[in-house]
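**Student:** Residue numbers (the working numbering), protein chains in the order written: chain A, 1 to 116; chain B, 1 to 111.
Among the hints, erroneous ones may be present.
In the DSS-like style, the derived pairs of lysine-lysine whose C-alpha atoms are separated by at most 25 Å in a straight line are [claimed, not checked]:
1) K45(B) x K57(A)
2) K57(A) x K106(B)
3) K11(A) x K78(A)
If you are wondering where the hints come from, they were derived from the structure by calculation, not from laboratory data.
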Amino acid sequence: GAGVSQSPRYKVAKRGQDVALRCDPISGHVSLFWYQQALGQGPEFLTYFQNEAQLDKSGLPSDRFFAERPEGSVSTLKIQRTQQEDSAVYLCASSLEWAGDNQPQHFGDGTRLSIL
Amino acid sequence: RKEVEQDPGPFNVPEGATVAFNCTYSNSASQSFFWYRQDCRKEPKLLMSVYSSGNEDGRFTAQLNRASQYISLLIRDSKLSDSATYLCVVNPSGGYQKVTFGIGTKLQVIP
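Excised from the complex, chain A in its bound form (with noise of 0.2 Å):
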């Protein structure tokens, strides 16, 4: 089967544009994260959905940041007004289940957002 889907694969944006990114997470999958990669650092937690509902958006770093998942599947994470600190790799993964011990995260390949 297909596994995290995300688009576009790289996108380069000027200071101050704003940005959508698209995750399509494995069919069937509950739970649904965004992470922010930077250079040479591990995935940083941005926001979880369970279904549709945005259960935890404490790693979102500032109001800039918006995501949705209207319909429980797709999921969008918006970035307005970009800076060039918000340059990184923007990963979505997804899970079966909502809780379990021992649940591992499928990730998509990732948007590489270059802020210029």
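Go by the hints and put chain B onto chain A.
**Tutor:** Showing chain B alone in chain A's frame:
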């Protein structure tokens, strides 16, 4: 103190060598643990979960030491294809899997 700490390396080892990485975590209530592998400019992929009793998958062995709050990954008979960054992942709170990643340990296997 960071929630999850790893030595970033790089660890340069010859083919066939055995290499081990440790990862320490700060939250003693952490519930689940994983090792992920990330190749350059690729997404992280699950290598193995880490179980309390330790577990093995081929050349890879993972162990958990709750008393000292660390997990380890042992790779035997290193292959060139093992060259990657190994990410330690900890679920600090149980419940839904809001996991915390370490910075990753870079391994380079040399011919």
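**Student:** Okay, which hints does this one fail, numbers in order?
**Tutor:** 2
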